[in-house]
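Asks: Now for the letters of each chain:
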Amino acid sequence: MAVYRRVYTSYVGPLTPAWSRSLVLFRYSRRKLFRSKLQTGLFVLCFFYPLACLLIIYATHNLAFLERLGGAGSLIKIDSKFFLTFVTVQGTLAFVLTAFTGPGLISPDLANGALPLYLCRPFSRAEYLIGKASVLAIVLSQITWIPGLVLFVVQASLEGPGWAWNHLWIVGSIVLSSLIWIAVLSLLAMALSAWVKWRIVAGALLLAVLFFGAGFAQAINAVLRTQSGDYINIVYLMGVVWTSLFRVENEAAISSAEAWIALLMYCAICLALLVRKVKAYEVVK
Amino acid sequence: MRFGRREILKELTCSLRGRAIGLLGPNGAGKSTLINTLLGFYKPSSGSARVLGSDIRTETRRIRSLVGYMPENDAFISKMSAVSFVQMMAELCGVPASAALERAHEALFQVGLAEARYRELGTYSLGMKQLAKLAQAIAHGPRLLILDEPTNGLDPSARQRMIRMIRDIRDSKQLQIVLCSHLLRDVEDTCEEVLILNQGRVAHYSNLQEERKANKRFLELETYGANGDFTEAIEKLGCECAVTANRLKMILAAGVEIRDIYKIAAEREVRIRRLNFRRDTLEDIFLKAMGN
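Residue numbers (this note's numbering), protein chains in the order written: chain A, -15 to 269; chain B, 54 to 345.
Think of the hints as simulated: they come from the structure by calculation, not from any bench. A portion of the hints provided could be inaccurate.
Stated by the list, open to error - Think about it this way: if two alpha-carbon atoms lie no more than 27 Å apart in a straight line, the pair counts; the simulated DSS-like pairs of lysine-lysine are:
1. Lys16(A) to Lys182(B)
2. Lys182(B) to Lys132(B)
3. Lys182(B) to Lys263(A)
4. Lys96(B) to Lys181(A)
What you are looking at is a predicted structure, and each value in this text was computed from that prediction instead of being measured.
Only chain A is shown next, with the shape it has when bound in the complex (with noise of 0.2 Å):
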């Protein structure tokens, strides 16, 4: 019907499937954070690093290049603590990335008070937290787990197939790691948006639980003389979960199943914040 009829009809051509109503919201939400141009840049700056990855991969691979550097050559080892680097550094980079975009992503529709618009159509909670969620976990693996994986491809082709075979487990590793930073850090950025509900003060927040965790965690450690406070040190027990994942040798008073233990705590406890305030309206007892 042309524009210029208005008259109102209802409508009765086709509809989408209930199960890809979710992608309607991620592909809005993804449409909405690439229109900033510093969160765009930011996307971006995180590909740097996995290109200089890259860029060694092939210089280790390179006879005269390596003839060219000498002894030095030999201190490049690809195994897996160079990709245990690459998932640190991508993670840091995830990080920066969430606390730039994570916190816009729930707040306005709250602060506006555009949860009923969404939860009066055939639409769930659920499915509005996994369309929001998915917009994070998509572009955090674009940088995190999908380049590792590329990284990996790569060495192994140049390096044979008996590398690729014998350091499969890299594989799982990459994406486990990635995959449980990047649960923890969408839900945490969803939840404290959805709790203070402006952008800004959420973003700063997220930052403050990360770095301010960490702190506060020494200082329990430091007075109480346990080590009780690594526990509420996100970051710590993270580095915990990496190095056990790449069979990296470490120093952590605390094993990787504790540490795997209170990371799967905090998501349940944002996923518990996150189900108490998506609501279309608050109930007053």
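We have chain A; now place chain B onto it with these hints.
Replies: Positioned in the frame of chain A, the structure of chain B alone reads:
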């Protein structure tokens, strides 16, 4: 319906079938709670309800796919143009992207936001935001439109425009409307039926059109030159009359038409200066329902 220990809606039994139903009541009567319960936002503590034949406990998704809802409070996405906003809302109801875009344009034209449809919603005035809310509620072509205080915060001309729009939508006969308001005028101007709530209970339910028809039998005349003879002649037709100064109030008997009154007046050379159907206004009905 309970919130903690407070009982918000109680002993609510009714069936609403009209094309435009007004949900009236004083502040805190439970109007918005009823709407939110029907939409599945609140779980009822007991009882059952059906919207367009679907159970509100088990078929919430189906109900929501058939309903367009305009909430009472400010509800928008600030950094989004109106057309994107309405398109997204239609897509969330299952309308494919291209059809949703077309319908978004149509809806915004229809509510009178055509010129401003590419502007960000955050820059809209209150009246424009209300219109954008109406556009998102109709964009996906619902079968039931629920409007919660649609004229809240509007100036008189914007209110008139909103009322006219609601009437146009109603007259399209393609959907039913539930209009929730505490403003009697809004309901009177747009609705055919009215459900009055008071303290969470049904205080009154009536068909406004029927009431208006019934009240057509009640006449008020202002005359010049009338005497007892004129009144007697009318009473002989079976009408009940009451005379005050030069005014004559009467209830027309069955079978008596207004032309019969004119005929008697002409025969007795009585001049009728004014003739009114004295109707029960919605205000009368409301006050009666409130027990005041």
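Asks: Given the proposed pairing of Lys182(B) with Lys263(A), does the C-alpha separation stay at or below 27 Å?
Replies: Status holds; Cα separation ~22 Å.
Asks: Does Lys182(B) pair with Lys132(B) here, judged by a C-alpha cut-off of 27 Å?
Replies: Answer holds: Lys182(B) to Lys132(B) is near 13 Å, not above 27 Å.
Asks: Is Lys96(B) within 27 Å of Lys181(A), Cα to Cα?
Replies: holds (26 Å)
Asks: Take the C-alpha atoms of Lys16(A) and Lys182(B), compute the straight-line distance between them, and say whether it is at most 27 Å.
Replies: holds (21 Å)
Hint compliance for this structure: no hint is broken.
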